[in-house]
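Novice: Read off the chains here:
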Amino acid sequence: MYAVEPREYLAPVTLDDALSAIAGSDRVNGSTLGVLAGGQSLVPLLRSRQHKVDILVDLNRIAELGGIEPAPDAQDRSLRLGAMVRYRELADSSDVRERFTALSDAALSVGDVQVRNRGTLGGSLAFADTTADVPAAVAALRGDVILASRDRRRRMPVDDFIRSARITALEPGELIAEVLLPEPTARSGSAYTKFGITTNGRPVVGVAAAVALDDAGTCMDASVVVSGLRTGPWRATTAQARLVGGRLDPEAVARIAQAAAAEAPVHTDLRGSAEYRRALIATYLRRAVLSAAVRASGGGK
Amino acid sequence: MTTKVTMTINGKPVTEEVPLRATLVDFVRDQAGLTGSHVGCTFEGRCGACTMIVDGHSVKSCLMFAVQADGADVRTVEGLASPVDTVMHPIQEAFWEKHGLQCGFCTPGMVMSAYELLKNEANPTEEQIRAALVGNLCRCTGYQHIVESVQLAAERLREMSTEQRMSCFPS
Chain B
387 MYAVEPREYL APVTLDDALS AIAGSDRVNG STLGVLAGGQ SLVPLLRSRQ HKVDILVDLN
447 RIAELGGIEP APDAQDRSLR LGAMVRYREL ADSSDVRERF TALSDAALSV GDVQVRNRGT
507 LGGSLAFADT TADVPAAVAA LRGDVILASR DRRRRMPVDD FIRSARITAL EPGELIAEVL
567 LPEPTARSGS AYTKFGITTN GRPVVGVAAA VALDDAGTCM DASVVVSGLR TGPWRATTAQ
627 ARLVGGRLDP EAVARIAQAA AAEAPVHTDL RGSAEYRRAL IATYLRRAVL SAAVRASGGG
687 K
Chain V
-7 MTTKVTMTIN GKPVTEEVPL RATLVDFVRD QAGLTGSHVG CTFEGRCGAC TMIVDGHSVK
53 SCLMFAVQAD GADVRTVEGL ASPVDTVMHP IQEAFWEKHG LQCGFCTPGM VMSAYELLKN
113 EANPTEEQIR AALVGNLCRC TGYQHIVESV QLAAERLREM STEQRMSCFP S
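For the record, the sequence lines run as chains B and V. Residue numbers for the first sequence follow my numbering, so the first one is 387 and each next one is one higher. Residue numbers for the second sequence follow my numbering, so the first one is -7 and each next one is one higher.
With the rest of the complex left out, here is chain V (with noise of 0.2 angstroms):
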């Protein structure tokens, strides 16, 4: 059976007919065809690299139904860097500086996290970083240059003016 869904994704209003088993990130990267948020553990919600902001807090899209974000504001990694010029999201420039990934999987639901923590904590400590990022494994880094991309982004962020700052964080 499937059911008419529509939500926001990075701004733009998706509407699709949904199987009612279908989970957020079966929807955003099969429907939406947004394929940058990945499944990585299948149905455990381990591994955190679907991670996405849906109405304002990181959640793990496999571990929500897309019918249950009918209505919802989602902000997927797609929905970072600037639609108008292309350029990179503060976050996702500190990443490249600092070779915060390798394989590169994990990386969109780090950035996610790292959103979600940097959106509400301007001057995060290393303990808080390493908190806000629990939810997401890494298997190649070892995880020291992610706190290193995250402690850079925090840093720009905190360098730029308040509407600059706030145009970062659209969700």
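Here chain B stands alone, though its shape is the one from the complex (with noise of 0.2 angstroms):
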């Protein structure tokens, strides 16, 4: 189907331009204004016609927008992501693949080869649907969003940004810019971890984890979040503080996994029932916390 005629279209190559297009009043009130990125869930949203846009802003041409490199504030000890940065981008760098295993294997995790190819990561913070597999590896990297407008420029952590399924702390005339995530500490490791129903298909439900260890082997920091709820990334507090402290040992981490599914706030949907998305969490939060955890002591990628 084709999509209803947008009746601008517009591709600034500067971010300060983009926010000027979508600062206007006129433009930003009801759902009259698109804002592009990669385009892998609003293209079928307009085409389906779900959704229809009068004015079309695309923000692939905007090279600010891109790159992978250290914060530039050297205070600040994070990476810096730029929204536009595609999931082949997190996927291929070894920066992330590296320091933040959980954003790499998230972003290999989503779709296929194409979709890959085209979709960001600003663009599935900002869409925050609840099968996003992205969003919550940001969320356990303990991530921090930079939104920019015409009139200000103002950061969150990735915990606040998202306030449930779809809703954001996006305002009118605001996008995201770009990602920071703190560098982690030497004996550190992060790992996501899902269930599709078909091969990389959208997470039934989908854990991320991220652990430091003290030189002993005992977990100093735990950040858990799980994806496919309807809440949003689902943060597992009782577990990080029941992980906190102890080893990172098989039957303990399955103990607090299963005290975690037990407590997280699942629903029933076509793709699965409640207590199905509870097993599936003890499972899988279990496997992400422990490949984390190997992670961080050193074996394996």
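Source of the hints: derived by calculation from the structure; they are not laboratory data. There are no misleading hints in this set.
Incomplete in silico selection of chain B near chain V, CB under 10 angstroms:
#1 P392
#2 R393
#3 G425
#4 G497
#5 Q500
#6 N586
Residues from chain V that keep clear of chain B, each with C-beta distances beyond 10 angstroms, as calculated:
#7 V79
#8 E85
#9 G96
#10 F97
#11 S153
Quick reminder that beta carbons are idealized off the backbone N, C-alpha and C, glycines included.
Take the two lone chains and join them into the complex the hints point to.
Specialist: In structure tokens:
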């Protein structure tokens, strides 16, 4: 099917021009403005006419929204990723693969080669679909987003940015400009693992975990976020608290994962029942934490 | 509303007025007249039959508007056989020899996904081949012959000189 014909298509080459384009008051009310990142979610919505836009602002020609490099502020020990970084780039980047492995796991688990060649980090966060993989990984890595508008820039944790499924803190006139991931400590590791109905399918449940160990192998910090739930990325705070201070042996982690599954805000839909989701969380949370622990102690990738 | 778009398709510049809502595959099929790329699922981006290479990377051309490809280098299945003597590309030869198709509807997309894989990976494992084809659905073959086709193509390409091999991947 054809999308409803937009009235206007804008392809700015600078972020300032994009922000000016979306700042005009007549362009932000209602659903008339469409911001096009990788298009792997938006274009099907436009073509199926579940969504229609009068003005389409395409971010694909803005070079400053790309790039993976150390944050320009040296005080800020973070990796900076432009919002238009594509899944393929996340998976190919040795910085991401070596130190933010959960994010390369998540990026590689999205869809297929063609989708990964187009879909973007910022697009996934802004769309905040319940079945997205990348937001949970960014949250587990305690990432921040930088939101830009014509008049200001603000920074907030991804945990606060995604309020619930498809609801974010983005205000009219704002775009995600970049994502900042804090550099992990020496013995750290992370992983994302999921269950989808088809190969690389959307997660019925996915789990991103990041852990830091001390020299004796005791867990000093744990961050665990579940994807696939209606709440949006769900942080397993009780499990995190129970992981810290202990050794991450399989039996202990399995018990903690069971308990997390029991308290998770699961739901039933066509892709799985609430009980099935609990069973999946118990298994996949255990796997994600153990895989992160193996990576933290220097084994495997 | 239409807008003027210029892109290079299979090495030839094409300029046309396009509606904003036209996708790249609409443009390539209906305006550039290259109907080798197919549209299977119509708007969901699931089937992969419209896969083409845009600026060096495979995309589902139904998930991209034609205006977005302004200035781009596009390669479709029509751009694989030699333009001089119409000799088939090694990937096409291999699909033919190994019966990598039955009805043929998915084939242009399969071939372009195989192109993307073999451009970057000379000696893929079966697992890598299957992973590279996740975005392409086939309802006839059960995939086994497609995988064997890609394996044969990889083998033939490995036997070539570097220069010959490079000439098989212009985009």
